[in-house]
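Visitor: Chains A, B and C are the protein sequences, given in the same order.
Here the first sequence is numbered in the numbering used here, starting from 1207 and rising by one per residue.
Here the second sequence is numbered in the numbering used here, starting from 66 and rising by one per residue.
Here the third sequence is numbered in the numbering used here, starting from 532 and rising by one per residue.
Note that these hints are calculated values from the structure, not bench results.
Quantities reported herein were computed from a predicted structural model and do not represent experimental measurements.
Just so you know, not all the hints are guaranteed correct.
[To be verified] Here's a subset of chain A near chain C, in silico, CB distances under 10 Å, partners left out:
#: 1; residue: Leu-1273
#: 2; residue: Phe-1326
#: 3; residue: Leu-1333
#: 4; residue: Ala-1334
#: 5; residue: Phe-1368
#: 6; residue: Gly-1453
#: 7; residue: Ile-1457
#: 8; residue: Leu-1464
#: 9; residue: Ile-1515
#: 10; residue: Leu-1520
[As the list claims (entries may be wrong)] So the derived list for chain C, only partly shown, Cβ under 8 Å to chain A, looks like this:
#: 11; residue: Phe-629
#: 12; residue: Glu-640
#: 13; residue: Leu-645
#: 14; residue: Thr-649
#: 15; residue: Gly-795
[Stated by the list, open to error] Here chain A is said to cover these stretches of chain C; the calculated rule only asks that three of the stretch's residues, wherever they fall, bring their Cβ under 8 Å from a Cβ of chain A:
#: 16; region: 755-768
#: 17; region: 797-811
Here a beta-carbon is modelled for each residue, glycine too, at the ideal position from N, C-alpha and C.
What follows is the residue order along each chain.
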Amino acid sequence: MATPVRNTPLVTPERLGVLLLLIVAYGVIPVIGTGYLFDAILTPFLALSLAAVGLNILTGYAGQVSLGSAAFLAVGAFAAFNFNLRVPGLPFVVSIVLAGLTAAAIGIVFGLPSLRLRGFYLAVSTLAAQFFVQWALTKFSWFSNDNPSGVIDAPPLTLAGFAFTGPIGRYLFSLTIVVVITFAVTRLIRSQTGRNFVAVRDHETAARVIGVPVLGTKLVAFGISSFIIGVAGVLWAFAYLRTVETGGFNIDRSFQILFIIIIGGLASLRGAFLGAAFIVVFPLILSRTGAALFGGVFDSGVLEMSQRIGIGALIILFLILEPRGLSALVDRVWDWVRPRRAAALGGATPRSFFIRKLQPKGRT
Amino acid sequence: MPGASALRQRPDAVLTPRDATAALKAAIGTGVRAQDPSASTAATPVLAIEHVSLAFGGVTALADINLDVWPGEIHAVIGPNGAGKSSLLNVVTGLYQPDRGRVRHGGRPFAHVPTARLARLGVARTFQNLSLFKGLTVLDNIVMGLSAEVRSSFLGQIFGVPAAAREERRHRAAAGEIVEFLHLTEVADRTAGGLPYGIQKRVELGRALVAKPKLLLLDEPMAGMTLTEKRELTGFIRTARDTYGTSIVLIEHDIGVVMGLSDRVAVLDYGRKIADGTPDEVQADQAVIDAYLGVAHDVDVGGGI
Amino acid sequence: MFDYQFFLEVLIGGLLSGIMYSLVALGFVLIYKTSGVLNFAQGSMLLFAALTFVSLVERGVPFWGAFAATLGVMVLLGVAVERTILRPLVNQPPITLFMATLGLSYVIEGVAQLLWGTQVHGLDLGIEDSPFEVYGVLISQFDLFAAAVAGSLVAAFSLFFRYTRIGLAFRAVADDQYAALAVGLRLPRVWAIVWTAAGVVALVAGLLWGARLGVQFSLSLVVLKALPVLVLGGFDSIAGAIVGGLLIGAIEKLSEVYIGPYFGGGIEGWAAYVVALGFLLIRPAGLFGQKLVERA
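Extracted from the complex, chain A is given alone in its bound form:
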């Protein structure tokens, strides 16, 4: 982000880091990873991260609380399934885009109350979306192609005639979609629209006074957020579960995504990924440690309950100690490892992704 006085260099620590990450993700992991790693950890991580990115745009950046994100995961999954099934010859990628657009449309409808409501009241109306969508998708069997069990096997992921099957294939497909969308989101956040989101969140009246289209901004936030969550739903159902059913899109899932962005850090793109990684890995660590420490007593029921307690306690802890989440914790660790060279208030330090000591609130 350049001021007239200086320009940011082309190569920043941030960009190098991302490049390195991509190289590892595309080049290294597919070679050394096991099927279990892809199917049980990486692919769901990617889907959840994308959902978190979507929710973060709405709740973290634009400040509109939503408790119904799972509904849009469901809309995305079912819409993609139906487009793919009922429109012959439609490329799968187009189905995904259409599914996202469907989710966006429904998101905008359920986001209309945000024009008059805030905080809890908006949260209540997003719950309406959650319950209504879940009911509609279960009740009207047309959505599941009149399948008697209501559980559909997801068709394979294809791109330009090439089928991405197998753990590595599904992982790479998901990875690519996540990378593309995340890149678009980084551009969004730095644009006028992204600034509009934060303005409406931080001081809606001032935003209105200076000419920000508040109404339009909120609806765009709902639309884009729901689009991304819809696509994440496609990944969740098609790449991870490989079934399309309403079961996993309940209110617990909505809370899970909310927890991801709280733990990861609101209004932080990086936080969505950190939070999702945490949520995916936490139960695995918990079950291994529990089994090691308590042996046979630690069955699946105990695991589930311990997980609930652990997540709940962590949410509370994060809200008290580090409301800006893991993202800010990572910053602190980085500061400790690489002390700042610039003086406290001065210095023309180029903006760095990692060095952020004196800025306690909010980030773009």
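Dock chains B and C against chain A, hints included.
Guide: Relative to the frame of chain A, chains B and C by itself:
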């Protein structure tokens, strides 16, 4: 560009108004002179408040207020707390709808000023309780002042369409000039939320100035500032008027600042206007002294700003 | 020919179940009125109370002993919550506190089921669920009993708030925390008492709902029904909790019976929310609410 280099060489020095004007002119290249309000050739006031009354429940906030602000004029509004000053600004900016009366912006009458069109009407304001966007950087906050001029869509912005990119560059450049003008260069990339209060107030002023408004409404811009900061801010305000020809309505409690800076002063008390004239006239007005200023001799002129 | 008798039965059934919603909403109102916190954990407190009670009873503890013991536990819970969660978060925006109670609900649910197990328990309060007739209209005996208990509890709290000194203190804190502090009211103490009171309400509600539905995990989801009630009645009004509950209960049952068949049933799940939504757009403060916090 002597003024501009002066800025860069001694960034911490308090600039005299002349330095500041020179720097700004050099950077922007406009030559708008301030207009002498008393000899104004324009027939229309920039702002005209006509018979505005407003009550909340049983409490009268404003009672039959009439006020004119001419192009290039700095018109202060003073009075005890609760006299209705902020309510007046809220009516002028459409956040409150008056029970009676009209507000004219540049001659156009409104029973209820459309807040969303304020920027297009050339009106900008600051708020008493800081209204910064704390999650944005200083530069971004100031860029936001140009929101009303944004034409690109979110898709255009994401895909980096040439028109969108040009617009973004233009707006950032304009904001950058304001950043320099207001001595905010060092903190331009810092998130506004973590900065000292005095700097935040300056950022808010920058956001209001960047769109080169015809009318600038300042609601207690000096609250909580040190003497040095007040001097600097007074200099900025005066320069903005001198350079852009902006009319300024200023709500302020520091009487010294008000008397030294303003062309005219209006005094409100319990929602009524009890005086409206030059600083000298108002300071000598008995009704004003009784209601607000106290005995004339004891007024602290605050260093003759 | 419109079946009035049946209509009345459905209506009364709805009203009675609505009182049960009111009871849950009451717990919310108590806490919201005095601290501005929307306690999402109310539902899990309900579950926790019911589970504790039932487990004690199953282990041979007599009814009132178990009741007293559970009451004690809820008091401890209230104090613990105030100290560990509310105090550190005292200056945070309401939405942060709401999310903290979301986390709290997970903790309480987990602890409850970890301690007492995840099986379903039956809860017998000694009232038979047999219907009796009033002018040809069938009314469930249990529903009536539940309504009576809930109603008296609500009435008791109303009177408490209006006519006692402590009630006055609560209202003062709800109105203006700083002013209350200035007058000498000790906020932590008030909040601890309030959360305990909410715990008591959760206990009563937990017992009634548990007797009705069986004591199981889904009990904590009752909280989701309380939100539309609060929207209708106002988040800070006890009278609103009653009226809102009655309305939501009635609307739910009536729409399920009369509109439901056109959609294949299951409307109950979201009818309340749609109604609440409509209400929010027309009259955001609710029927009785005063606080206009967080409205556009």
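Visitor: Let me make sure I understand: some of the numbered hints might not hold for this structure. Which ones are they, in numerical order?
Guide: Checked against the structure, the hints that fail are numbers 5, 6, while the rest are satisfied.
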